[in-house]
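Protein chains: 2
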Amino acid sequence: MYPPLVLVLAIFFAVATAIAALSSPLPHPLDPLSPTELTAVRSAVLAFSLVASRPISFHYVGLDEPEKPDVLSHTNAAAAAILPRRAFVIARAGGLSHEFYVDVTNTSALRVVSHGIHDGPGFPMFTTEEQVAAGQLSREYPPFRESLQRRGLALTDVGCGVFSMEWFGKNEARRLAKVQCFIVAGGTANYYARPLEGVTLLVDVEKLVIVAYRDRAAYSVPKAEGTDYRAGKAGPPFNGAVPAPGVVVQPEGKGFHIDGHIVRWANWEFHVGFDMRAGTVISMASVHDADADLWRRVLYRIFVPYMDPEEEWYFHTFMDAGEYGLGVSAVPLQPEADYPANAAYMDGYYVDADGKPVKSENIICVFERYAGDIAWRHTGVAGPIAPITEVRPDVTLVVRMVVTVGNYDYTLDWEFKTVGSIKTVCILEMKATNYTHVDQIRDDIHGTLIAENTVDVYHDHFITYHLDLDIDGTKNSFIKNTIIPKHNTGVRATSGAPTPRRSYWTVLYEVAETEAEGQVNINGAPADLLFVNPSKKTKVGNEVGYRLIPAGATATSLLANNDYPQRRASYTKKQVSGLYAEQSTGDDNLAAWSKRRIKDEDIVLWYTVGLHHVPCQEDFPVMPTISGAFELRPFNFFERNPLIRTRPPGNSPNCSCSFGRSG
Amino acid sequence: MYPPLVLVLAIFFAVATAIAALSSPLPHPLDPLSPTELTAVRSAVLAFSLVASRPISFHYVGLDEPEKPDVLSHTNAAAAAILPRRAFVIARAGGLSHEFYVDVTNTSALRVVSHGIHDGPGFPMFTTEEQVAAGQLSREYPPFRESLQRRGLALTDVGCGVFSMEWFGKNEARRLAKVQCFIVAGGTANYYARPLEGVTLLVDVEKLVIVAYRDRAAYSVPKAEGTDYRAGKAGPPFNGAVPAPGVVVQPEGKGFHIDGHIVRWANWEFHVGFDMRAGTVISMASVHDADADLWRRVLYRIFVPYMDPEEEWYFHTFMDAGEYGLGVSAVPLQPEADYPANAAYMDGYYVDADGKPVKSENIICVFERYAGDIAWRHTGVAGPIAPITEVRPDVTLVVRMVVTVGNYDYTLDWEFKTVGSIKTVCILEMKATNYTHVDQIRDDIHGTLIAENTVDVYHDHFITYHLDLDIDGTKNSFIKNTIIPKHNTGVRATSGAPTPRRSYWTVLYEVAETEAEGQVNINGAPADLLFVNPSKKTKVGNEVGYRLIPAGATATSLLANNDYPQRRASYTKKQVSGLYAEQSTGDDNLAAWSKRRIKDEDIVLWYTVGLHHVPCQEDFPVMPTISGAFELRPFNFFERNPLIRTRPPGNSPNCSCSFGRSG
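Residue numbers (my numbering), protein chains in the order written: chain A, 18 to 680; chain B, 18 to 680.
In case anyone wonders, no lab produced these hints; they're calculated from the structure.
Hints may be right or wrong, so weigh each one.
Calculated cross-link-like contacts (lysine-lysine; reagent style BS3-like; alpha-carbon spacing at most 30 angstroms) [as the list claims (entries may be wrong)]:
(1) A/250 / B/553
(2) A/440 / A/271
(3) A/250 / B/271
(4) B/240 / A/553
(5) B/556 / B/85
(6) B/240 / A/556
(7) A/271 / B/240
(8) A/373 / A/195
(9) B/553 / A/240
(10) A/556 / B/195
(11) A/250 / B/195
(12) B/556 / B/497
(13) A/195 / B/503
(14) A/554 / B/240
(15) B/250 / A/554
(16) B/556 / A/440
(17) B/492 / A/240
(18) A/240 / B/376
(19) A/440 / A/373
(20) B/271 / A/271
(21) A/553 / B/224
(22) B/492 / B/553
(23) A/503 / B/195
(24) A/250 / B/554
Please take these sequences and the hints and turn them into a complete structure.
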């Protein structure tokens, strides 16, 4: 990604309205903090006498979730009311990262119950306000004005953004960041395609001072023509392909119900939360077992904590979630474009740097997806009964959020299926950036020439999902069923009869004992990856489980293990991560976490969707979406296909129907 | 797959009505043979004096397509009328496989223009009639009656099917096949779950005699209870998950137009053909380039010639397309279950064993898919212009066929996207079969216990697609862009400035000179696979191309190279195949085809979708669909994103829209 740009002279920045506090009686234990609670948290932190330094800048405020056993035993609202509600706060004051836990159970008797200083490497996310302020520092800086003058540009012609400087071996005590600028004049909205090349500022985003300045070379300003993607600029004529308009109509209304943050649909029930860092958080997903008439839990929680440690060149190795925040960066969804007409939507709340609640409207949508797919079907063409066809069309429920971080748009879908599957889809979209100033590594051109003078650099995208699986209970194991070929030896029939076959394959069942054993590069030998509950078995004795099915985008990082971006983002090869991303060093992730036992424990899966992106001209000036996905699918979780006892659709002749002639 | 079953005493078999011949003036050169033409072909073959043996059994009749240059220069109907129309026929007579080419240009002056005998190994597809007849052979066979008696079964309780015996090293002169039987009594439609275990007949399907008989052991008959999948048997109560009914409404009507066999939609135009062996054949697919205002061809032809050489045990290594025929096995689609209400459909014609045309109704459908996806989007959150969001929702066009071969249902989708992509999706569905009689190989249980006494055996599915690519012309090359990591050495900046980075990756561009070089196991080193037209370049000099993107289901065969099923289906590791599948040996595929040059030639891609299937209980008694796919996506084919000059949807405020506040 590239960060949002800030005009040097005037600030045009989308700031959602800070709203008045609202009361929300009896929240679910996992409900995000309400505006009332967020406001109360701010008061408590500001009133906390042990931190006297001012200003206090709020970088993160979110729910400090109760322990899982407490949540699991207090799921109804009345019971939940007796659980304490606590907030976790990361704030900067006096050059330190403070962590606060605030009890907000009783908003009239608030208190900070815990306070600490984070003294490891890494800093919290940038606040919007400091990005705006840092982006404007160049304004009164004479060398910058001279740089513009040399290029024939006015101050109003450029906008600047804060780029995380990442980590290259040196632990900085200061919150330094790079500021780079782009031409915003010329009438195109595609600023990122027009960099102010050669100019880099190093700034202290906290003290708001310029630490270093470099104007390496005055390249010519890339032209604006052909870069805009807005309809009003691309046409008329609009001679691009326009399919016929269509809309999904649900004669009996929506099939799902939203009660607070709980969504109920078909055989699914789950909680949709929101976090300013992780964005959408799905919790307590349970599927109904029609045969057993039981609700059975599949996962406790899933969200996207880390996202896109893009491997570009030099310091461009961003970690969007940890550095800029997915929740903060979620954008209002556009009806009938970002989602179909039959959707419902939800709002979210985060805090500004001053700790005040900000409402983000319409950032999560929920809709039923009628894609024309088939859940199961069969045609029986012979037998004593007339020929039959049975078909059950597939309808799914999608929970969607779109996150925009600078030039990148991520569409994050969670798709629930009646067959018991949860499919997670990450759809990437980005605007091409003009990288003619690629100058760090020059063995080759390092990218594709996608337009005149515009090289789009090769890069990777890694999106890591955090899945706290609870397959029919909290104690689970991770199984690797490797598919093993057997050649020549071992091929025989029990009956003793000779068999002409010379090979076959079978399955090697292995339980991962430790986290280290649970690390899998899915591009290795073919294997089915299962999460099972070893204490629950089906009637015929199989361990109850779910299977992880990658669906494209299985790239893993090709960087050297000793390269700095790789050390920070070691989960792109190995799949675990920590909390302080910005300028983090990687010490808080893999190394400490590999020896813990994961057999028959409350395990967490970190799954990384990966894409190597070799750009092409179709990616200019704004690329068509590409996607990666994975699916969690029942594997001996149900006694049989859970859709067998499903009524055929409507009164249509589509099911149990005969065709052709018998004779 | 398992073959369709035939009742021993009474035939219940779906035979579509043979219809009267119709005239069809001025067909497109690739239009399938009309009923008039099929009828005429039969007359010509029967009148051909050099083949006197009777009966003549018709196994295949299809269009003998004109040479590609002729087709390409005769695409309008008037011009096409001057091209000869020819049929290709495979028929059996006098124990030989005859091949006829029949000129049907003038149906009043028909003639066989060529006749030959196929003398290599392998036989044509089974006809429906000989399967029915062979399935009934056991009826009057005393040992079979005794076998039934020993199990307490009546003749009316069982149905039998013809199983290809495949090839295990011995070239048979006779068309032998195995016949196995299933219990059709007991009120369940799930016959395949109830095998008549231990009983196998070896029959000559042409002479209709039993060659060998074996009743190894009398297992108990598996129970019928719990195996049925019909709504009337599964409920009430219907307590399975039923999403709300929904339907796609298109206020301005369908967006596509079907003119004969030509489909036009959005920026696509293509021809939909039908073949009794290959099923749906998509030809002459061209995409409109809005910037250049040109129609540009992407592929000449795509179809599924070989399908599912299932790796099970011993002889169960079926090749559905070659042995049973996808076109013949296509089933009438069920409205609003197999496809949405906004679809149109097409019929197909094949011939029966007597050579007479048979109409297959409603076997191909075409519909616009409104899945709620996004083609491209961007939110711009800063700049001198008010914050903007541009979104283009994604609508695609699907061409679908469902093929049922015994216990398998394949849904074959071709999905056309406005971004210029063609996505091919193969959705598998099968009914569990009761494999308690697994007795050929017993090192392990070789499968999953999916219900009481029911082991579903491990197996593979391979579906091979034939793609005659014409990327902006017929002469194309195949490029492998391997992603190569560069560690430590070679990491430097041109400016001479030190860089802290220790690794990066780049792309190694390789052109495949020969077919052997073009064979790729996509599970190897990460690589982008491109098909380019080296003689056509974009304005900035990139070769015009398309990229092949696998989407799941990338399994390759794990069988030994010297195992017989692998020798026949060598394309499951290597990707080429021949024409005579049934009892074929593999001599007509890879070996002879690997040395031909493919650089800057009219190349054909054989792409194999592969799935290792480790069954689970959810697959019983009928499994939810699983799928594999691949996409052909423009890669420097267009000068830029082809959807840039696309009008936003309707009059909605979804595009070029602002949100939030600026200030």
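The hints, checked one at a time:
{"no.": "1", "hint": "A/250 / B/553", "in the structure": "29 angstroms, holds"}
{"no.": "2", "hint": "A/440 / A/271", "in the structure": "21 angstroms, holds"}
{"no.": "3", "hint": "A/250 / B/271", "in the structure": "29 angstroms, holds"}
{"no.": "4", "hint": "B/240 / A/553", "in the structure": "26 angstroms, holds"}
{"no.": "5", "hint": "B/556 / B/85", "in the structure": "29 angstroms, holds"}
{"no.": "6", "hint": "B/240 / A/556", "in the structure": "17 angstroms, holds"}
{"no.": "7", "hint": "A/271 / B/240", "in the structure": "41 angstroms, violated"}
{"no.": "8", "hint": "A/373 / A/195", "in the structure": "27 angstroms, holds"}
{"no.": "9", "hint": "B/553 / A/240", "in the structure": "26 angstroms, holds"}
{"no.": "10", "hint": "A/556 / B/195", "in the structure": "35 angstroms, violated"}
{"no.": "11", "hint": "A/250 / B/195", "in the structure": "68 angstroms, violated"}
{"no.": "12", "hint": "B/556 / B/497", "in the structure": "22 angstroms, holds"}
{"no.": "13", "hint": "A/195 / B/503", "in the structure": "26 angstroms, holds"}
{"no.": "14", "hint": "A/554 / B/240", "in the structure": "23 angstroms, holds"}
{"no.": "15", "hint": "B/250 / A/554", "in the structure": "27 angstroms, holds"}
{"no.": "16", "hint": "B/556 / A/440", "in the structure": "40 angstroms, violated"}
{"no.": "17", "hint": "B/492 / A/240", "in the structure": "36 angstroms, violated"}
{"no.": "18", "hint": "A/240 / B/376", "in the structure": "60 angstroms, violated"}
{"no.": "19", "hint": "A/440 / A/373", "in the structure": "35 angstroms, violated"}
{"no.": "20", "hint": "B/271 / A/271", "in the structure": "25 angstroms, holds"}
{"no.": "21", "hint": "A/553 / B/224", "in the structure": "55 angstroms, violated"}
{"no.": "22", "hint": "B/492 / B/553", "in the structure": "10 angstroms, holds"}
{"no.": "23", "hint": "A/503 / B/195", "in the structure": "26 angstroms, holds"}
{"no.": "24", "hint": "A/250 / B/554", "in the structure": "27 angstroms, holds"}
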